[in-house]
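Top line first, the protein sequences correspond to chains A and B. Every letter in the first sequence is one number past the one before it in this note's numbering, and letter 66, counting from 1, is 66. Every letter in the second sequence is one number past the one before it in this note's numbering, and letter 43, counting from 1, is 1043.
Just so you know, the hints here were simulated from the structure itself, not pulled from any lab data. Cβ coordinates follow ideal geometry from the N, Cα and C atoms, glycine included. Careful: at least some of the hints might be erroneous.
Some but not every residue of chain A turned toward chain B, in silico, with C-beta under 8 Å [stated by the list, open to error]:
{"#": "1", "residue": "Gly40"}
{"#": "2", "residue": "Met41"}
{"#": "3", "residue": "Thr157"}
Straight-line Cα separation of at most 30 Å, DSS-like style, residue types lysine-lysine; simulated pairs [unchecked claim]:
{"#": "4", "chain 1": "A", "residue 1": "Lys2", "chain 2": "A", "residue 2": "Lys152"}
{"#": "5", "chain 1": "A", "residue 1": "Lys152", "chain 2": "B", "residue 2": "Lys1119"}
{"#": "6", "chain 1": "A", "residue 1": "Lys119", "chain 2": "B", "residue 2": "Lys1075"}
{"#": "7", "chain 1": "A", "residue 1": "Lys48", "chain 2": "B", "residue 2": "Lys1075"}
Protein chains: 2
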Amino acid sequence: MKIQLALDRLSIQNAIALGEEVREYVDWIEVGTSLIKEYGMESVRALKNAFPEKKIVADMKTIDNSNYEFELCFKAGADVATVMGVAPSITIANCLEVAATYNKEVMIDLLQVNEQQFKEISTFTKAIFCQHLSKDLQESASEISLGNPLYKNEELTYAVAGGISADSFSTILVMKPEVVIIGSAITQSANPKSAAKFFYDMARKKGDEA
Amino acid sequence: MKIQLALDRLSIQNAIALGEEVREYVDWIEVGTSLIKEYGMESVRALKNAFPEKKIVADMKTIDNSNYEFELCFKAGADVATVMGVAPSITIANCLEVAATYNKEVMIDLLQVNEQQFKEISTFTKAIFCQHLSKDLQESASEISLGNPLYKNEELTYAVAGGISADSFSTILVMKPEVVIIGSAITQSANPKSAAKFFYDMARKKGDEA
């Protein structure tokens, strides 16, 4: 089980500083959509340059213009890029094709994907499927809980994202995700390093038990 | 009827040069998603700075993190910003709230929106609803045709986008859109100025007839 640090709502400089602080306790580093839309591909280049040994995930949230967007971020240094599961199938297929050409990976964001759509896109077995509780739903008075995915296909590889905290981490583990994506529970912590170490150690421990 | 020039897959410099060439024949100027993801908010700032008299549309394609993303682009100078219709309702509601605060507008991109979702989001009557054929669907061997929207609610304001050409322009008009979004039919034309003039004149003429 890998820990993916999601860097959002930060300057590139602060994102790098945070990444350096928790470097030994995270596996993958995500350039959040907010960084990409604020600073463009410079954010991906800067993070890859600062962390050449990490997998850099560009949270592109592509929903159209797939070839162009995926080439853009892979050329900038991304190792993994995200596409929306609600995108047209051709868009997701294109993303996987570009990724294969660059020897990179695709993460499909399951935000708002319904059961029928999930069935259709679960044919893209080479992708990582990200169960995702959106920031906006977290911040609203929502009753939705993570760790209880609507759809499960044991043959697929999963990531989980969205407001995961020290408290909710154990409920996430029942999903046996390959990747657990943690943002503010590390970046907004008074002590990011010890927060990252907590998740990292938990992931290693539970990974051994599984 | 307004002509919105969509600037995509261009450097900021080339986008400005193109905008200057067709300035008198376009009403709104869209900073395409590809520019935003490649150059960040600098693209919005640069276009607003170059075209202060035009409405600048930031094609953010927001699907989460609504408050942050919409504040980002309005602060950068956007007059209109886009949110995906497939986003959670709370996301769209937030976008409209931020837009109201900044006295700006919201365009809801109907890409992949189904009938049930359309019914739900058509309560957001202050938004502009964009019937959108995606680039990826245009480029695939798709039979889908624009100008024949699945859902229509006469009380809403519409934009139309996606591969609109001189040939297909008249079929678009039956939808009586408020905004017609033209990209490559102008930007990839051998003579962008005369292409823009064609659409501009057609929009004026048909607008008068309606």
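Practice problem: Just pull the numbers of the violated hints for me, sorted ascending. | Solution: Hints 3, 6 are the ones this structure does not satisfy, whereas the remaining hints hold.
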